[in-house]
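> My request is simple: use the sequences and hints to build the entire structure.
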Amino acid sequence: MQSIDWRNPAAYKRIKDLPPAGFAWEYLRRNEDYRRDVERLTQRREPAGEEVDAFASRWGVRFRTRPRRAA
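So the sequence shown is numbered by my numbering: it starts at 11 and just counts up by one.
Honestly, the hints are just simulated from the structure, not real lab data. Where a beta carbon is used, it is the ideal one built from N, C-alpha and C, also for glycine. Some hints could be false.
What follows is a list of derived Cβ distance ranges for each label pair [said to hold, decoys possible]:
{"#": "1", "residue 1": "R55", "residue 2": "R17", "range": "39 to 49 Å"}
{"#": "2", "residue 1": "E56", "residue 2": "D27", "range": "36 to 46 Å"}
{"#": "3", "residue 1": "D43", "residue 2": "R74", "range": "17 to 27 Å"}
{"#": "4", "residue 1": "G59", "residue 2": "L28", "range": "40 to 50 Å"}
{"#": "5", "residue 1": "D63", "residue 2": "E42", "range": "16 to 26 Å"}
{"#": "6", "residue 1": "L51", "residue 2": "D15", "range": "34 to 44 Å"}
{"#": "7", "residue 1": "Q53", "residue 2": "K26", "range": "28 to 38 Å"}
{"#": "8", "residue 1": "F33", "residue 2": "R74", "range": "13 to 23 Å"}
{"#": "9", "residue 1": "G59", "residue 2": "L38", "range": "20 to 30 Å"}
{"#": "10", "residue 1": "S67", "residue 2": "A31", "range": "12 to 22 Å"}
{"#": "11", "residue 1": "R74", "residue 2": "E36", "range": "15 to 25 Å"}
{"#": "12", "residue 1": "G32", "residue 2": "R54", "range": "38 to 48 Å"}
Pasting the structure below:
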């Protein structure tokens, strides 16, 4: 169990200054469903466009695509 006292304002000092996107990221990266979906998506060499779109729709995020290497 964490030792942070949720009643102590000092425990929230760091997140108080986060921009909304930073706060959203802190929430998402701790979300078990999100982490599971990321793991599933990144296990594939090249996820299908539909999978990426479904992920983006569910979580409201997009990742930059990697350029393909010339063969």
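> Is 20 to 30 Å respected by the C-beta to C-beta distance linking G59 and L38?
holds (22 Å)
> Take a look at whether the Cβ-Cβ distance between L51 and D15 falls inside 34 to 44 Å.
At 36 Å between Cβs, range holds.
> For the range 12 to 22 Å, tell me whether the beta carbons of S67 and A31 fit it or not.
holds (18 Å)
> Lying within 28 to 38 Å: is that true of the beta-carbon distance Q53 to K26?
With Cβ atoms ~36 Å apart, the hint holds.
> G32 and R54, beta-carbon distance inside 38 to 48 Å?
Between G32 and R54, where Cβ atoms are some 28 Å apart, the hint is violated.
> So the hint says 40 to 50 Å: do the beta-carbon atoms of G59 and L28 match that?
violated (32 Å)
> Can you tell me whether the CB distance of D63 to E42 sits inside 16 to 26 Å?
holds (22 Å)
> Quick check on a hinted range of 15 to 25 Å for R74 and E36, using CB atoms only.
Holds - the Cβ-Cβ distance for R74 and E36, about 21 Å, lies within 15 to 25 Å.
> Regarding D43 and R74, is the given constraint of 17 to 27 Å on their beta-carbon distance met?
For R74 against D43, whose Cβ atoms are near 23 Å apart, the range 17 to 27 Å holds.
> Holds or violated: 13 to 23 Å for the Cβ distance of F33 and R74?
holds (21 Å)
> Per the hint of 36 to 46 Å, is the separation of the Cβ atoms of E56 and D27 within bounds?
At 38 Å between Cβs, range holds.
> Given the hint of 39 to 49 Å, is the C-beta distance from R55 to R17 inside that range or not?
holds (48 Å)
Of the numbered hints stated above, those contradicted by the structure are hints 4, 12, listed in ascending order.
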